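S.K.: Knowing the structure of chain R, use the given hints to seat chains C, Y and B on it.
4 protein chains.
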Amino acid sequence: MMIVMQANATQAQISAVVALVESLGMQAHLSSGKDITLIAVVSNTAAIDPDQFLLMPGVDRTFPITRPYKLASREFHPENTSISVKGLNVGSEEIAIIGGPCSVEGREQLMETADAVVEAGGHALRGGAFKPRTSPYSFQGMGEEGLQLLAEARQRTGMPVWTEVMAPEQVPLVGKYADVFQIGTRNMQNYDLLRAVGESQKPVMLKRGMSATIEEFLMSAEYILSCGNRRVMLCERGIRTFENSTRNTTDINAVPVLKSLTHLPVIVDPSHSTGHWEYVEAIARASIAAGADGLIIEVHPRPNEAVSDGAQSLKPERFAGLVKQVGAIAEAMGRTLAEQPKIVA
Amino acid sequence: MMIVMQANATQAQISAVVALVESLGMQAHLSSGKDITLIAVVSNTAAIDPDQFLLMPGVDRTFPITRPYKLASREFHPENTSISVKGLNVGSEEIAIIGGPCSVEGREQLMETADAVVEAGGHALRGGAFKPRTSPYSFQGMGEEGLQLLAEARQRTGMPVWTEVMAPEQVPLVGKYADVFQIGTRNMQNYDLLRAVGESQKPVMLKRGMSATIEEFLMSAEYILSCGNRRVMLCERGIRTFENSTRNTTDINAVPVLKSLTHLPVIVDPSHSTGHWEYVEAIARASIAAGADGLIIEVHPRPNEAVSDGAQSLKPERFAGLVKQVGAIAEAMGRTLAEQPKIVA
Amino acid sequence: MMIVMQANATQAQISAVVALVESLGMQAHLSSGKDITLIAVVSNTAAIDPDQFLLMPGVDRTFPITRPYKLASREFHPENTSISVKGLNVGSEEIAIIGGPCSVEGREQLMETADAVVEAGGHALRGGAFKPRTSPYSFQGMGEEGLQLLAEARQRTGMPVWTEVMAPEQVPLVGKYADVFQIGTRNMQNYDLLRAVGESQKPVMLKRGMSATIEEFLMSAEYILSCGNRRVMLCERGIRTFENSTRNTTDINAVPVLKSLTHLPVIVDPSHSTGHWEYVEAIARASIAAGADGLIIEVHPRPNEAVSDGAQSLKPERFAGLVKQVGAIAEAMGRTLAEQPKIVA
Amino acid sequence: MMIVMQANATQAQISAVVALVESLGMQAHLSSGKDITLIAVVSNTAAIDPDQFLLMPGVDRTFPITRPYKLASREFHPENTSISVKGLNVGSEEIAIIGGPCSVEGREQLMETADAVVEAGGHALRGGAFKPRTSPYSFQGMGEEGLQLLAEARQRTGMPVWTEVMAPEQVPLVGKYADVFQIGTRNMQNYDLLRAVGESQKPVMLKRGMSATIEEFLMSAEYILSCGNRRVMLCERGIRTFENSTRNTTDINAVPVLKSLTHLPVIVDPSHSTGHWEYVEAIARASIAAGADGLIIEVHPRPNEAVSDGAQSLKPERFAGLVKQVGAIAEAMGRTLAEQPKIVA
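Going line by line, the protein sequences match chains R, C, Y and B. According to the numbering used here, the first sequence is numbered sequentially starting from 27. According to the numbering used here, the second sequence is numbered sequentially starting from 27. According to the numbering used here, the third sequence is numbered sequentially starting from 27. According to the numbering used here, the fourth sequence is numbered sequentially starting from 27.
Hints in this document: simulated from the structure, not taken from any laboratory. Keep in mind it's a predicted model, so treat the numbers as computed, not measured. Keep in mind that a hint or two might mislead.
Note that identical chains are pooled: a pair holds if it fits in a single copy or bridges any two copies.
When the alpha-carbon atoms are kept at most 20 angstroms apart in a straight line, the in silico DMTMM-like pairs for lysine to aspartate or glutamate are as follows [as the list claims (entries may be wrong)]:
{"#": "1", "residue 1": "K112", "residue 2": "E145"}
{"#": "2", "residue 1": "K60", "residue 2": "E101"}
{"#": "3", "residue 1": "K228", "residue 2": "D218"}
Bound-form chain R, shown alone (with noise of 0.2 angstroms):
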């Protein structure tokens, strides 16, 4: 931490700064300048309350220095992280590529889209049972019915299944049949959630808030990861911002920012990310060339009839054509699509 003192701080003020960080057990480092003094307390502080800080006498501002961040952080854990689910290695040289509904909207539905995921080439199948809705007047989900529907898809396809969960107490449900538990974006500061799926032992899909920052987006994995769960995948799906031409911004960035700061791998969803299936192709050959290690995407054989998300899901036959132009993006950066699992029940 940095206490930046104000320019006519008196010395009695710059003194009692001093005096309460030594009590506290670390050392203050005093620069002075005309018009300013810097002290610098370069101990471990994540423990320690700026505000105590700030709100002293004289003080002007403090600025953290460390990230707040330790098991998420590429600083600590040099090494890319690659997560196994049922064979299919996320962050890892290859891709993967996840297809399938919105929601799960019944049987015919949901065997229909994971057929055509995994002739199209894709590697995993999402589908949402628990659906976190806007409006209390829209569809909610199967529930059970779905997770059940998913688990038969799996045993149809050979394809690891990737679902969300909403609430703590339907861990224990969701695991039973999920291959990956999906944190939904208005869930990456539930942290009650964050710390259930942390005691789990199964693979984490946390998707960033819709306004978080970077650094707040791995504070929520830091979460799982402090609870002793070590497979935490970070999903990009756009961010709020004043543009309203498309539902939100991919925040493009963040893919090689990440990728610098932290070791989990990195998956972008450009179905949430534009909100219209006529961008979906772009971004998701985008994601790839910015050096994602996966894309998650929404596909339905009659988006016109979807229960939700229509607009902004595939056709088959254009998910088809996706995986084949991400598969070129990916050999012209030296990488390949992953080979597709197949699990046997």
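M.R.: Using the frame of chain R, we list chains C, Y and B on its own:
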């Protein structure tokens, strides 16, 4: 809903849209001009997914016409809703000021603060027993022991108690002690939690999500209202913008906008919306001048020792000054401060 | 400036940074802890590009310590600056209200509005003769004829005139007629224009850019001040955020923040910061309650016939009501409305 | 335009709106349902101010139906526009890479950079002679001397020259030396300047304002186009959001959105959109993968000595690597890098 056709849409495409509208049991109103065809659907379209039209060939865009909330809307409920909390009428002509610490830290700290709040003329006590914290390494709250202390402070001062509930399964426990359930900003779209407090019989103060639009805010209120609980207060607590000289940006416009769109009471939290004690009084006055019904303010006897939010907490003497200043502004508005409630255990 | 070294920086890298600091004639203060080394440079670093350090091997980040503006800073100029505009003292204890149309549209419209503003108790007249318009197909202003009408209205009512100047070469012409140069939001960083008004002898009202930080806003004021013109007023007019229920988001926090950081007068423009007449009074009151020194308000006798900004213009009778309400809030703040100036031609 | 009446609008209010529409020579199409009446106006409404309807009694809201730009719109000009700059065809199948320093600092620096750009395979040279700077105390550019050096570098390397023009009166001078006028982000809505380059005969690269919506960006292009200059390129350079780990947020969505809405070429500036050299290559690749037609990249032989933007400048060898990577992505997209132009003086 309004459907705008593309400039070059064919007659067959237009007819297909009209046919789909009619197949859903609604009437389509067609308007055509040079290069433009509009199809208006003026039935209640809440249950229709606009995406199914957006995805039809020849369709350019769709617009919603009706607002998606009903129970929260002033259009259908023109009179202000006033909510009685143990004799404190929030949303009436009288201004309510809720004061107290960010976190309950211990018996002495809470009683000292509660005494100061009541002596200064405050109307209710706030204090968190369960704390959502960005870092897994920070203090997470005293839990039930904190709730018991809040109940003791109520008995001691006669003031009702506002406290946060973070998960559906906490509702019965927190409800044993609280007079008002606070839903925090990170939980504004935690729908299971909204339903749980919606099914309870206690008033709820819903804080706006830090990047929630006003429409989304009202949709979350609608969730609670639609579960049968009509006692919902809205709390503006600042939004996230590019400006970083304050912790958040107080959306002061939201005060008159909410008063125009909804009949529910509007409270402002200038402690969080500014993040620094130095600005709290100015924004408290501004909120009342803009038409807010109340304020929720962080108070701590020794902010520099606070375990959380010290920088934005007022000392008791400043809080007392704030109550006086707010009283003067209320008077200039033709309103008054509420009487202090006297709860008898 | 503070330089934070990477956790694994070598001794040689640290020495190289220190050597560069010293080669620039400044002193480097080193602080070292486990995993962290800080190098503080407390001389006046305004002239140093932090990038030259950021790009050195082993450097993680750099932070500025000193604020980049001097002449605008309250630190170096603790007393409020009060600016006299033909007897109207902006930035004093007295509140100034500037009213008038968005655009000067013709003689009758302007005189009718000016008469209404003065009769309602307003202190100055606003009106645009040169208009920056988003669309090339919109009305671009009356030009010099509009300026002549403004001068006529000044003579008729005794009120000083605020009007926008859009380009450096317009400064002499606009200066012939205006009492205050207004710099519009789109020109806040038009540096040639800032220099041109900085070299003139007339007061300037600088509007905040719609996505300018408070620091950038003060840096633009610094441009004008550094050219020798010390009569600069700042105008908060709303910032661009994700919220779209109003045209802009009034940054009400900016009022106390600016009053803390700078000695210059602060004016708020609730017409632009809300975009709708229905919300203008609430935000005008809030601005004064937050500590602003004045208001600039759009007034039009027949808003539905206005060539620009009709939706946010007040009719004369509402403007008169606003002046009364603002007077009551001023009184609650221990301030008063200014006396109406009486300019004699 | 569509006019939505309030739920409780009277028949007389509806008739008054219809009468006003008709008095303006247009047709009103009425659609009524329970609680809702819509009035559609499908004539060309560009010249009508929606405010005059918004302010009528009984009107709730108005929506625009048609997009406000015409010349920039792909709807009215379906084919891509390709702009020839001395043999370099921007907006064709070929990708153009413009490289060079932020500022022209001197003869040696510029020639060394220009040689490196051409040797690496770049297609054009950028460099600022007039610099808009946030601080009045920073370097403001070499002026005409810088332009002369750019012309010398063009002769030396055969590459065309991109340089910024900051004010209308600079257009003739800058036009004597430049091949492309660059309009900077702070000037995107400097309408006098847009008109001045619109009346010139040289291609223009218009940078997006840092908080401009895509619609506003296209309206600024429309200004230039409407003055008769049809050679306009658009440059996405990052937008301002809450995220502060990068200087700006690259709006990668803007690439496919612009390619869908307009026929004009789209260039991305990853140097400004990230603000750090470490992320430039990733975002350069992503931009081409998203469908951009070109890139503009800051290059400096010794970034740590650059007078401006050193942190985001690439060294020559990294720029050479970037050109190769972009070539590989272009190939994966079925495009190629442009041939290097050979301008003969």
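S.K.: Against each hint, give a clear statement of whether it holds in the structure.
M.R.: Hints, verified against the model:
With identical chains, the CA atoms of K112 and E145 are at most 20 angstroms apart within one copy only, with a shortest distance of 19 angstroms there and 48 angstroms across copies. Taking identical chains as interchangeable, the C-alpha atoms of K60 and E101 lie at most 20 angstroms apart only when they sit on different chains, with a minimum of 14 angstroms there against 35 angstroms within one chain. Only within a single protomer do K228 and D218 lie at most 20 angstroms apart by alpha-carbon distance; the minimum there is 17 angstroms, versus 23 angstroms between protomers.
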